[in-house]
Every structure is written in C-alpha cells, then in structure tokens.
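First to last, the sequence lines map onto chains A, B and C. If you're matching positions, the first sequence starts at 1 in my numbering and goes up one per residue. If you're matching positions, the second sequence starts at 1 in my numbering and goes up one per residue. If you're matching positions, the third sequence starts at 1 in my numbering and goes up one per residue.
Derived from the structure by calculation, the hints contain no laboratory data. These numbers come from a predicted model, not from an experiment. For each residue, glycine too, the CB sits at the ideal point set by N, CA and C. Honestly, I wouldn't trust all of these hints.
As the list claims (entries may be wrong) - Quick look at which bits of chain B chain C covers, simulated, 3 or more residues with Cβ under 8 Å:
1) 220-230
2) 234-243
Unchecked claim - Stretches of chain C that chain A covers, calculated by requiring three or more beta carbons in the stretch to come under 8 Å of a beta carbon on chain A:
3) 193-207
4) 236-244
5) 264-276
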Amino acid sequence: MTALEFRNVTKRYRVRGAQPILALDDVSFTLRERQTIALVGQSGSGKSTIAKILTQLETPTSGQVLLDGKPIPTRGRGLRAYRQQLRMVFQDPFASLNPYHSIRYHLERPLRLDDVVPAAETDAEVRRLLERVRLDADAVIDRRPHELSGGQRQRVAIARALASRPKLLVADEPVSMLDVSIRVGVLNLLAELQRDEGLGVLYITHDLATARHFSDEIMVLHHGRVVEQGAADDVILTPQHEYTRALRAASPDPEKHFASAPGIPDVRTANGGAA
Amino acid sequence: MNIPFRFILNRAVFYLFTLWAAITINFLVPRMMKGDPVTAYMAKYRGQISPEAEAAIRALFGLDKDKSLWQQYLDYWGLLLRGDLGASFSNGLSPVGDVIATALPWTLGLVGLATVLSFLIGTVTGAVIGWNRGSRADIIVPITTFFSTVPYFWLGLIAIAVFASTLGWFPASHAYDKGSAPEWSLDFIGQVVAHGALPLITILIASLGGWILGMRNMMLTVLDEDYITVAQAKGMPTRRVLWRYAARNAVLPQLSSFALSIGFIVSGTIVMEMVFSYPGVGKMLLDATSAKDYPLMQGLFLIITLAVLCANILADIAHAILDPRTRQSEA
Amino acid sequence: MTHALHPRALAKANPMPDPLLTVRDFSVEYDVTPPVKAVKNVSLELQRGEILGLAGESGCGKTTLAYGVQRLLRAPAVITGGDVVFHDAKGADIDVNTLDADEMQRFRWDKISMVFQGAMNALNPVATIGAQLDDVFLVHRPDTGRAERRRECEELLEIVKVGRDRYRSYPHELSGGMRQRVMIAMALALRPQLMVMDEPTTALDVLVQRDILQQISELRHEFGFSVIFITHDLPLLLEISDRIAIMREGEIVELGTSRDIWERPRHDYTKKLLSSFPRLTGAKGVLAR
Numbered sequence: 001m002t003a004l005e006f007r008n009v010t011k012r013y014r015v016r017g018a019q020p021i022l023a024l025d026d027v028s029f030t031l032r033e034r035q036t037i038a039l040v041g042q043s044g045s046g047k048s049t050i051a052k053i054l055t056q057l058e059t060p061t062s063g064q065v066l067l068d069g070k071p072i073p074t075r076g077r078g079l080r081a082y083r084q085q086l087r088m089v090f091q092d093p094f095a096s097l098n099p100y101h102s103i104r105y106h107l108e109r110p111l112r113l114d115d116v117v118p119a120a121e122t123d124a125e126v127r128r129l130l131e132r133v134r135l136d137a138d139a140v141i142d143r144r145p146h147e148l149s150g151g152q153r154q155r156v157a158i159a160r161a162l163a164s165r166p167k168l169l170v171a172d173e174p175v176s177m178l179d180v181s182i183r184v185g186v187l188n189l190l191a192e193l194q195r196d197e198g199l200g201v202l203y204i205t206h207d208l209a210t211a212r213h214f215s216d217e218i219m220v221l222h223h224g225r226v227v228e229q230g231a232a233d234d235v236i237l238t239p240q241h242e243y244t245r246a247l248r249a250a251s252p253d254p255e256k257h258f259a260s261a262p263g264i265p266d267v268r269t270a271n272g273g274a275a
Numbered sequence: 001m002n003i004p005f006r007f008i009l010n011r012a013v014f015y016l017f018t019l020w021a022a023i024t025i026n027f028l029v030p031r032m033m034k035g036d037p038v039t040a041y042m043a044k045y046r047g048q049i050s051p052e053a054e055a056a057i058r059a060l061f062g063l064d065k066d067k068s069l070w071q072q073y074l075d076y077w078g079l080l081l082r083g084d085l086g087a088s089f090s091n092g093l094s095p096v097g098d099v100i101a102t103a104l105p106w107t108l109g110l111v112g113l114a115t116v117l118s119f120l121i122g123t124v125t126g127a128v129i130g131w132n133r134g135s136r137a138d139i140i141v142p143i144t145t146f147f148s149t150v151p152y153f154w155l156g157l158i159a160i161a162v163f164a165s166t167l168g169w170f171p172a173s174h175a176y177d178k179g180s181a182p183e184w185s186l187d188f189i190g191q192v193v194a195h196g197a198l199p200l201i202t203i204l205i206a207s208l209g210g211w212i213l214g215m216r217n218m219m220l221t222v223l224d225e226d227y228i229t230v231a232q233a234k235g236m237p238t239r240r241v242l243w244r245y246a247a248r249n250a251v252l253p254q255l256s257s258f259a260l261s262i263g264f265i266v267s268g269t270i271v272m273e274m275v276f277s278y279p280g281v282g283k284m285l286l287d288a289t290s291a292k293d294y295p296l297m298q299g300l301f302l303i304i305t306l307a308v309l310c311a312n313i314l315a316d317i318a319h320a321i322l323d324p325r326t327r328q329s330e331a
Numbered sequence: 001m002t003h004a005l006h007p008r009a010l011a012k013a014n015p016m017p018d019p020l021l022t023v024r025d026f027s028v029e030y031d032v033t034p035p036v037k038a039v040k041n042v043s044l045e046l047q048r049g050e051i052l053g054l055a056g057e058s059g060c061g062k063t064t065l066a067y068g069v070q071r072l073l074r075a076p077a078v079i080t081g082g083d084v085v086f087h088d089a090k091g092a093d094i095d096v097n098t099l100d101a102d103e104m105q106r107f108r109w110d111k112i113s114m115v116f117q118g119a120m121n122a123l124n125p126v127a128t129i130g131a132q133l134d135d136v137f138l139v140h141r142p143d144t145g146r147a148e149r150r151r152e153c154e155e156l157l158e159i160v161k162v163g164r165d166r167y168r169s170y171p172h173e174l175s176g177g178m179r180q181r182v183m184i185a186m187a188l189a190l191r192p193q194l195m196v197m198d199e200p201t202t203a204l205d206v207l208v209q210r211d212i213l214q215q216i217s218e219l220r221h222e223f224g225f226s227v228i229f230i231t232h233d234l235p236l237l238l239e240i241s242d243r244i245a246i247m248r249e250g251e252i253v254e255l256g257t258s259r260d261i262w263e264r265p266r267h268d269y270t271k272k273l274l275s276s277f278p279r280l281t282g283a284k285g286v287l288a289r
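Between the sequences and the hints, there should be enough to build the whole structure, so can you do that?
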C-alpha cells in the first residue's frame, strides 16, 4: 500500500535583508492510496509550499518526506519513478497546457516517456484516457487547448495526470478557476476516478465546502502549521480549533442562514406551498 | 517622499563598482593587445614629447613594462585622478583632456538638446495619440517612423540643399561662422543658434518616430488597466486621467530608454557631424581612429563610459522618484 | 441622506415601491464580427436601500449590465436600446442616457459609485491612496479647501478601518483586504445613493471576505445607499442580498427575494446554479433541493 508521509517538515525561505519567512512549521501527515485528504488553507497558509515540496520543486529545510518509509529519491531513475507515482493537477487550466500542441500530444508524452504501454497501443490508450474523463475522444483529440472550454481543459489535465498510472494525485485548487456550474462536475469526476483507480488524492483548496464534499479527511493549515486534522465531517461540524471555527463561521452557508432567520411568512405559501 | 537609505546605498555601491570595473578594463585592454603600435609612434615623435607626457603615455598604454603591473595600475589611477589622459598624437601632442574639451560642449549642447526635445515632444505626442486611439492623429506615427528609417545623411543633405543652398535660411555647416572665435557674446550665440538649427531639426525629425511609437504603445497597454476605468468611473476629467493616471504610468519604461540614449549622446552622431561638418565628439573619435591616435581614443572611451554610467544613475533616480514600487530594495 | 424608512418587516411583506433605479429593455451589443448580444432587453427596478445581487457565470452579461447603466462601457460595446432612469433622492428623475459629457461627469461617483475588484490594478500604482481619495473631492467638490479635503479623506479611511495613518501609503504597500477597503472608502466619499460592487471579495480570503461584507452591511445601514452586488458566488448572495437576479446569456432568467430563490427556485438554470455549490453543513451533498 503506497503511502507518502510528511514527517515534521519545516520550510524556511531566506529573504535578503529581512526576517526569513516560515512557510511551513512542523507539518506532518500521511497520504495513502484510496484515501482523500483535503488541505484547507487561505493564501499564505503554506499550501502551495506543500505542493512544491511534493513535486520536488522545493526541498524541506528540516524534516523528511518519505515514500513507503524511505526518503523520496531526488535524482536519476529514482526521481523518474517517484514522478511517475505522484502526479499533479494544477489550478489554471489555461496555463497548464501548452497552447502550441494538440491534446493528443499532451497525452502521448507521458505515455511515451514512462513507457506505460507498448508503442503500438499509444493511440488506443490516449483515447481510453479521454473517455475516462468523459470527453469525446474524436472531438478533442486533435484540437489545441484554446479551442476547448475551461472545464474540458481541466479534464485533459486530469487525463494527463492519470496517464502514467500514478498511485497518488495532488490536485491544487483544480476547480477554482472554472465556471461555477461545472465545478461540481469536475470534482465528481475526480472523486469517481479516485474510487475506481484507488488513488490517494491530496486536494488543496481554500474552500471548506468543497473540501467536505470531496474528501474523507481534512487538514486545516494556518500560517504554516496544521491547526486541525480529522475526519471531514468532524472538522467541519464540530471544529476544535478557533481558527477552524472562524473559517467555518466566515464561509457562506445559506442553509444555516435561512434556517435561523425564519422571516415573515410569505402570504402566498402560507397555505402549504411546497418547496 | 521617502527613498530608503538602503536603496540609495545599494545603487551607489553598484555604480562605484561598475565604474571601477570599466576603468580597470580600460587599463588592461592595451596591455593585452599584441604588438605595440604605440611604440612606433613614440619613436616617431621622440624628442617632441616632454618626459612627463611620455611617462603618462607609457602608463596609459602599458608600455611601462619595467614596472610591475600593480604599480602601473596605481600610476594609471594617479594619472586619471589628476585628469591627465596623455597627449594626443594627431593633435600636435596637446593634452587629450584639452582636445576633448573642444568638441564635447558642441556635442553635449546640440545632441543633448536634440535628444531632450525629441523625448519631450515625442512622449507628449505619443501620450495624446495613444489616448485618442483611432483618431486621425494616428497618421503621425507612420509619418515619423518613416523619417526614422530614412538614411540620416540623405535627410541632412536634402535639408542643406533646400534650406541652406536654395532658401538660404540657415548656414550649411560648422558650428559658427568661419573666422569667429568662441566667446560669450550675443553675436556669437546667434551664430551658434543659426548653425545649429539644421542639425537640430534634422535630428529631431529622424528620432521623433521612436519616442512617439514607444509612448503610444505603452499608453495603449496602460489604458487597458483597471485603474483607468476606476478613474473614469470616479468622474475624473479627461485631462486628469490622461496625464496623472495614464501617462504617468506609461512614461516609466520610456525613461529607461531615455537614460540609455543620454549615454549615447556623448558618442555623438557621427553622420550628422560629417554631413554638417559639426565639430563634435563623433567626428573626433572617427578621426582619432583613422589616425591611430590611441591616447585620444582611450580618453574618449573613458568619457563615453562615464557618461553612460551617469545616465544610468539618473535613470535610476528618476525611476525611483516616479515609481514608488522600485524604492523597496530589491530582493 | 435620509429618507422615510418603512418598518423593515412591513417593507418585506408588503414592499411599497420606492425605486431608485429603473432599467427598461436595456440592451448592449459588442460590435464585433459576428456581433454579440451581451445584454438582451433587461428590465429591473432597484429599490432604495436594497441590496440586489446579480448572479451568473462568466459571460452572462452581469458586468456589462452594471457598467452599461453607468455608461462606463468601452468600444466595442454599444448600448443598443432601452432606458435607465435614476430617481434622485432630491426629487428629479434623471435619464442617464441623455446626460451630456459634463453632466455625466458630475453624475458619476456623486449619485452612483462603483467598487471594483480591488486586487492589483484598481488603484493607480504611482499615486498614494490619500491622493486618490483626494482626487474625488478635488473634482466633485471644488469648493472644499485642502485641509477639509484631508480631513474627509482621513475620516473615510477611519470608517473603513484602514486607519488615517495610511494616507500616504502606496497601493503596493497594502494587503489585498486593505486595498479593497480603500476602494470602498473611495466609493463612499460623496455619499452616493447607489454602489455597484463588482466581485468585491472574490480575490480575498474567506475571513477577510466576511469582514468586508460585514462592513458593507454596516455602512449600508448607516448611510442608506442601495447596492448592486455582482458575483458568481451564489451562496454569498443568498446570505447578504434582499433580492437576487440570476443572469444567463444576457437575460435575467429569475428575479426574486433571496429566500424565494433558496426555497422556491423556479427556473431550471437557477436550480442548476444552486446545485453547483456543495453544502457546508447539513447532509453531505450539493445544494440541490
């Protein structure tokens, strides 16, 4: 069972002529296959830093990142294998796809680089991946990114991430730049893929509601520290830490809002008007 | 306005370092050249050069090999700080400093004035054209750009042919009338203005295009910014939005270009000086190169380096004054 | 800035119309090839002191509508029809489309002001925020002396809790939340009767967002202006608006009180929008009812 562990990770950024910035302060968590963890934090909380460390764009100042108990490889074949196991879906569907290349190209590359399937089967695999993310393969395969909608682009990004058959997925605010009515669709897709492929997913977001909707477990990050961690419902419905409580109180919750303020009964529905 | 001390210190250190580096390179280059063209000239003029001048030239050109490199370096600095740049071979061994001083004021005056005027007129015009995009004034851009691409010598010659030879409005060449000597009299100043008119106007015509285009393009970029919409939503009169909001932001990159062009003023515009026989630095440098007058060449290079550095400093200062974001020390 | 206040409860159950802005058959087109109808025959009536939410996804026309009624649109957008009438508290009815350039300039900010998304670019980066607040008074209230202008600006900064000592600060020296508050202060300067807010809290943290919304609410109670609040965040609108207009493809598909939208959404698109937001509390699942 593949497991990625952050153990007491601290990250300090040096700033010339000023105090070093403590981006992460003693952060620990474990991401396992078949599990979803939501990392909830506002801007400056350190969540992007965690994503950068996971994808090895940054290294921790102290602490360890372990894959299956061993420190993650930082070079050569080991690094390649690591990157194959842990993929990322980025926030910006416009920026994460190269506008010059076709969708086919975007999906063939990981297949070729990681030798996922024999060369003869590449095309079939590309189509399979597109079907998997509920896109019409024939319609999009030879298009360029700018010809697709934001939601379609994000689905392609997800397909690309899945191409190398990873065990773990990091999704960094995957829907925050999409139109509202398609967000849930993409999140549901991610959830479905997670279940079917048995992935471990780290869902990074600032939005409590989607965090609860999507994950089993929630970690709340504040100024680089994990202030609360636990089952999604527990953290949202019975938050222990005052920061989590503040976050919850600040998030829009129409259900609670209308339940607590009954208002003047509308004359028209007074006679049992149904919802 | 508060410019942090740290910022100024930072920049000062940087420029002093650059200056030191430039001078050191100026010192090392002759010493790295193969062969020794200077010795040949020294031999030719021996007997006419005073011992001090000879020692200076040796130091400047690294002929004093009997001294250690470090000693030569120190002597070189000594000479520089005394303002002794050697003796000019092609100018009867007059001190290089004096020779340059005969040409520098003309270049600085004429080309300097032309550059500043061009920048001001071009920037203001570009701002207005950019603001009124799509108006008939847009035609100014291709016209001025056309004149920028026309070979300058042709422009100069046509100007001479039309305004000097045919219409006789302006003199055709030189900085002042033949036979006059430079002095601070109204008559002389009148001559300078008359002789400088054609060169100035032709330089203006040739260089306006660049400034107008640059400013106009920046204006278009800036006009798309939200704060312009906000300013208009606030009910600010057009003039205010144009100058205080849009132009003020659009001019920032222009300033950097301007600073660079100041640096190049000092190298003169050779073509202009040839066409109008104007006694400027460009022509001097050209003549020095043909005559292989190394001391003069080195002296001129030094002056040009200093000018470019000064221009950069000025640009930095102007930028810091105009754009508060640059005042924070760079990470 | 007072007007006869109806008891709020009575107003809700039996609102006596006191319109501030009447928009009738308003249309805007983008003059490109092929031409795009951004706003199609929109009519609505904004009441005095009300918060009207304009909800919709990108491209639905909500921003174009809001800019259009203030004549802030730029080429290639063109107003192709309809009227916009502003019912001034001082009594006159002003047809916004017939104002000439001078009148428009005086109308702006004085009667209707706008709060933009305060992120990086809504404030002039090379001017202090004090100067940008001062601007407003300099242009619209030319008789006020410098000292008095200064006092007004500082008071505004205090009202929005940015603090008067920030008068000399530059925009880049302030955090996102503070910049947004400065935008609000600027919009409040002339005590307008209507504030149009375009995604004012979108780029901000949830905590800061709540703070700012709180502030807007308090200011509204104190100064009595109406608000048109534009955003795609429907749950937010449900909490703060009196009425909500749902827009899609240039048309208002549903308009009702927020409670009605929540409990009895009529249009399919409204239901679809509602179901796009997961519930924070309550049973797990989306807001679909």
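Quiz item: Taking 8 Å as the C-beta cutoff, is the stated coverage of the region 234-243 of chain B by chain C satisfied by three or more residues?
Solution: Held - the region 234-243 of chain B has 5 residues with a Cβ nearer than 8 Å to chain C, which meets the minimum of three.
Self-check item: Coverage of the region 264-276 of chain C by chain A (three or more Cβ within 8 Å)
Solution: Three-residue rule met by the region 264-276 of chain C, so holds; n is 5.
Quiz prompt | Coverage assertion for the region 236-244 of chain C with respect to chain A, Cβ distance below 8 Å, three residues required | solution = Contact hint for the region 236-244 of chain C vs chain A: holds, 3 residues under 8 Å.
Quiz item: According to a criterion of three or more residues whose C-beta lies within less than 8 Å of a C-beta of chain A, is the region 193-207 of chain C covered?
Solution: Result for this restraint: holds, n = 3.
Exercise. Check whether three or more residues of the region 220-230 of chain B sit with their beta carbon closer than 8 Å to a beta carbon of chain C.
Key: Holds, because 5 residues of the region 220-230 of chain B bring their Cβ atoms closer than 8 Å to Cβ atoms of chain C.
Every hint, counting from the list given before, is met by this structure.
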